[in-house]
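Novice: So the chains spell out like this:
Number of protein chains: 2
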Amino acid sequence: MSSGLDYTKLFAKDIPGPSSRGEPDPPYNFTYGHGSPDLLPIEGFVDAAADVFRKDGRSLAVYHANGGGLGYLPLREFLVEKLAKHRGIQVTADEILITSGSQQGIIAVMDAFLEPGDTVVTEMFSYAGTLGNLRRHGAEVVGVPLDEEGMRTDLLEKTLTDLQSRGIKPKFIYTIPTLHNPTGRVMGMERRREMLELSRRFGVPIFEDECYADLVFEKEYEHAIRSLDNSNYVLHVGSFSKSLAPGVRLGYVVAPWEVMSQILPFKMDIGTSTMGQMIVAEFLENNFDSHMEHLKSGLERKRDTLIAALKEHFGPEVQPSEPRGGMFVWVRFPEGIDTRKALEAAKAEGVAYNPGPDWAVYADDDERNGMNYVRLCYALLTESETWEGIERMSRAFREAGLT
Amino acid sequence: MSSGLDYTKLFAKDIPGPSSRGEPDPPYNFTYGHGSPDLLPIEGFVDAAADVFRKDGRSLAVYHANGGGLGYLPLREFLVEKLAKHRGIQVTADEILITSGSQQGIIAVMDAFLEPGDTVVTEMFSYAGTLGNLRRHGAEVVGVPLDEEGMRTDLLEKTLTDLQSRGIKPKFIYTIPTLHNPTGRVMGMERRREMLELSRRFGVPIFEDECYADLVFEKEYEHAIRSLDNSNYVLHVGSFSKSLAPGVRLGYVVAPWEVMSQILPFKMDIGTSTMGQMIVAEFLENNFDSHMEHLKSGLERKRDTLIAALKEHFGPEVQPSEPRGGMFVWVRFPEGIDTRKALEAAKAEGVAYNPGPDWAVYADDDERNGMNYVRLCYALLTESETWEGIERMSRAFREAGLT
Chain A
0 MSSGLDYTKL FAKDIPGPSS RGEPDPPYNF TYGHGSPDLL PIEGFVDAAA
50 DVFRKDGRSL AVYHANGGGL GYLPLREFLV EKLAKHRGIQ VTADEILITS
100 GSQQGIIAVM DAFLEPGDTV VTEMFSYAGT LGNLRRHGAE VVGVPLDEEG
150 MRTDLLEKTL TDLQSRGIKP KFIYTIPTLH NPTGRVMGME RRREMLELSR
200 RFGVPIFEDE CYADLVFEKE YEHAIRSLDN SNYVLHVGSF SKSLAPGVRL
250 GYVVAPWEVM SQILPFKMDI GTSTMGQMIV AEFLENNFDS HMEHLKSGLE
300 RKRDTLIAAL KEHFGPEVQP SEPRGGMFVW VRFPEGIDTR KALEAAKAEG
350 VAYNPGPDWA VYADDDERNG MNYVRLCYAL LTESETWEGI ERMSRAFREA
400 GLT
Chain B
0 MSSGLDYTKL FAKDIPGPSS RGEPDPPYNF TYGHGSPDLL PIEGFVDAAA
50 DVFRKDGRSL AVYHANGGGL GYLPLREFLV EKLAKHRGIQ VTADEILITS
100 GSQQGIIAVM DAFLEPGDTV VTEMFSYAGT LGNLRRHGAE VVGVPLDEEG
150 MRTDLLEKTL TDLQSRGIKP KFIYTIPTLH NPTGRVMGME RRREMLELSR
200 RFGVPIFEDE CYADLVFEKE YEHAIRSLDN SNYVLHVGSF SKSLAPGVRL
250 GYVVAPWEVM SQILPFKMDI GTSTMGQMIV AEFLENNFDS HMEHLKSGLE
300 RKRDTLIAAL KEHFGPEVQP SEPRGGMFVW VRFPEGIDTR KALEAAKAEG
350 VAYNPGPDWA VYADDDERNG MNYVRLCYAL LTESETWEGI ERMSRAFREA
400 GLT
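If you read the sequences in order, they're chains A and B.
Numbering that gives the first Met the number 0 applies: residue 0 is where the first sequence begins, and numbers increase by one.
Numbering that gives the first Met the number 0 applies: residue 0 is where the second sequence begins, and numbers increase by one.
Just so you know, not all the hints are guaranteed correct.
No distinction is drawn between identical chains; accordingly, a pair holds when it is met within one copy or between any pair of copies.
[Claimed, not checked] Think about it this way: if two alpha-carbon atoms lie no more than 16 Å apart in a straight line, the pair counts; the simulated EDC-like pairs of lysine to aspartate or glutamate are:
| id | residue 1 | residue 2 |
| --- | --- | --- |
| 1 | LYS8 | GLU114 |
| 2 | LYS157 | GLU193 |
| 3 | LYS218 | GLU366 |
| 4 | LYS157 | GLU398 |
Honestly, the hints are just simulated from the structure, not real lab data.
Predicted, not measured: the structure shown is a model, and the values here were computed from it.
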């Protein structure tokens with residue numbers, strides 16, 4: 000092979016470094032946002048596939064079937080109802096774009112808005128995928144501290160005022176208001192109103208990522224910021240990766256047409272899998288509410304198990320978050336512990352987690368990078384695996400002299 | 000809405016123009032590469048979905064399930080066998096990347112190789128999607144004329160020599176050797192050997208697009224250029240959009256790791272739909288040969304119907320290609336007819352087709368843009384719709400004074 004063509008001279012300059020082949024996941028894997036294999040509606044998917052293929056399978060034969068470039072119409076129509084009922088959002092199917100996972104939508108929005116040097120404001124800790132893509136776009140990311148209700152709007156106002164005084168207008172405020180990643184916090188309605196008011200005052204749109212919003216364990220809870228917006232200030236993105244499964248690779252963007260029409264040219268896969276959209280649309284139409292009830296009660300048990308295991312094995316030294324839903328616990332270790340360094344010891348015990356700095360806007364700033372935090376995903380493992388994994392993690396930390 | 004935020008000041012400069020809302024397809028639609036709704040294996044998909052969800056549905060819960068970032072392992076293993084048996088290609092599953100349609104793979108290769116001003120060599124007529132993406136990357140596209148066996152290698156040699164004398168090294172030779180789009184031509188093995196020899200001599204890789212290669216109607220036919228390459232000169236892309244359905248949105252790239260590792264960073268959807276890959280892998284493992292036999296005999300009838308309808312309604316003035324397979328007929332009209340202008344008249348009769356210049360490297364050059372050609376896709380319509388559509392098209396041309 001290597002005696003042939005030397006490709007290094009043919010690649011474009013300034014491309015990212017090559018991918019590595021990757022390593023297998025350890026047995027006690029608390030990383031990523033994997034779902035729960037034991038909570039999947041397998042028979043529901045089987046029935047939905049049979050029903051929808053027989054009813055509308057012929058649509059598979061054409062590009063942009065049954066709904067054009069925005070996605071499979073029955074799925075968008077389901078979303079119109081779901082967004083109204085659960086998130087307080089009133090839109091038509093024409094304001095919804097189905098994407099191949101929500102990250103495709105997030106990237107398309109960045110492609111449409113961002114040039115190198117542009118500024119984006121977000122929570123001081125946020126989704127690593129978004130932070131990585133903002134860096135790839137050359138954006139200056141300004142992080143606003145959070146409290147128990149998420150992004151502090153008083154500090155957001157200060158940030159926007161400071162930027163304005165320096166002649167800088169951010170392209171958007173990216174926020175995860177409902178079950179914030181990684182902290183799990185939920186922004187109250189009053190603060191959502193304040194954020195929208197700041198968006199209007201400063202002329203900066205809000206880009207609201209509600210990927211986890213279906214997973215709040217209560218029956219009734221805060222509506223989306225988009226529900227408060229009777230104009231066009233809020234762009235909204237959501238996902239089926241968390242409510243159903245990452246393997247369906249389906250997300251959605253809600254945006255007014257003037258924005259949608261500029262996002263669409265950056266969605267270059269000639270449409271998202273119709274096969275996947277069909278099955279999911281058929282399943283959700285009949286089973287969304289009952290599935291969510293089942294999933295949420297399963298995740299709630301898993302959350303409780305993880306928190307109990309942390310308390311049992313680490314004792315009072317660690318402070319786990321007690322999120323109102325979702326799949327992550329954000330764990331505070333004593334000051335001075337570097338959870339990035341501790342990861343090697345954990346891996347030797349078969350345990351993986353995400354160190355705090357992975358989710359930090361200021362990852363290189365020891366004061367603000369969450370060095371003594373870890374994010375643990377509790378969805379993937381069974382309850383007994385969680386106990387075993389946390390026991391191993393605590394042993395690893397203890398033997399490394401950390402706790 | 001429009002009294003709110005003015006987004007025009009927030010978008011990045013130099014982004015593509017906004018998408019339009021699109022118009023509905025006309026009833027007699029010969030455009031695009033749509034498949035045949037009447038030849039889809041619906042019950043096969045139903046059975047495959049039930050079997051694979053019950054066997055491996057739990058894999059849906061994780062990102063990059065069962066095979067990591069390269070795609071679902073059972074599908075890549077199927078491809079290892081299929082590529083060996085049908086295309087003469089010997090590779091391992093690690094040299095195959097599953098993509099969300101072949102165009103995602105084509106774009107990722109361009110992303111890794113191309114900077115504005117780079118040169119790419121291709122057939123003088125080629126896939127409009129590729130030509131559009133090459134333009135978007137700022138590439139200088141040099142078109143080589145075709146004859147009945149596809150790209151003329153004597154003229155390719157001349158082109159490469161000319162470019163070399165001007166100090167220009169093309170980044171790759173993009174070719175559709177098997178059932179070339181739009182002409183339907185198939186390159187003979189001797190010419191494939193000559194092209195590979197030129198690739199080696201000039202140090203320019205071949206990027207071989209075999210999206211249609213499964214659809215040659217004969218049982219045995221020419222192998223891929225990649226089958227002749229015992230080094231690393233040929234990159235290969237294929238698709239399930241034509242052999243199965245566009246709605247599965249699955250394609251693949253075959254490349255050595257030194258190239259694959261630089262393509263992967265540009266595939267930014269966190270994996271292709273596992274749900275779609277599972278169903279397709281399960282279906283193909285048991286049914287590929289019988290499905291292809293059924294599909295090809297159906298397409299052969301449709302091809303014959305379209306050619307017969309063209310001869311019946313247009314008479315000897317038009318010269319349709321008689322492709323050995325695929326889904327397109329490339330039709331030559333008398334010199335002087337501008338098929339772009341004629342399209343309006345055809346649309347008024349409910350007929351749509353792709354005018355020749357849509358597929359021309361030199362679309363703005365009246366001498367070389369195929370102004371008097373159209374490409375017709377015969378897969379989508381039934382045979383009676385094809386008769387009716389061609390009758391309407393001939394009436395439209397006659398009434399417009401063209402024939």
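Novice: Look at each hint and say if it fits the structure.
Specialist: Hint check results:
no.	hint	in the structure
1	LYS8 - GLU114	between (28 Å within a copy, 13 Å between copies)
2	LYS157 - GLU193	within (13 Å within a copy, 67 Å between copies)
3	LYS218 - GLU366	neither (38 Å within a copy, 68 Å between copies)
4	LYS157 - GLU398	neither (44 Å within a copy, 69 Å between copies)
Consistency with the previously given hints fails for numbers 3 and 4, ordered from lowest to highest.
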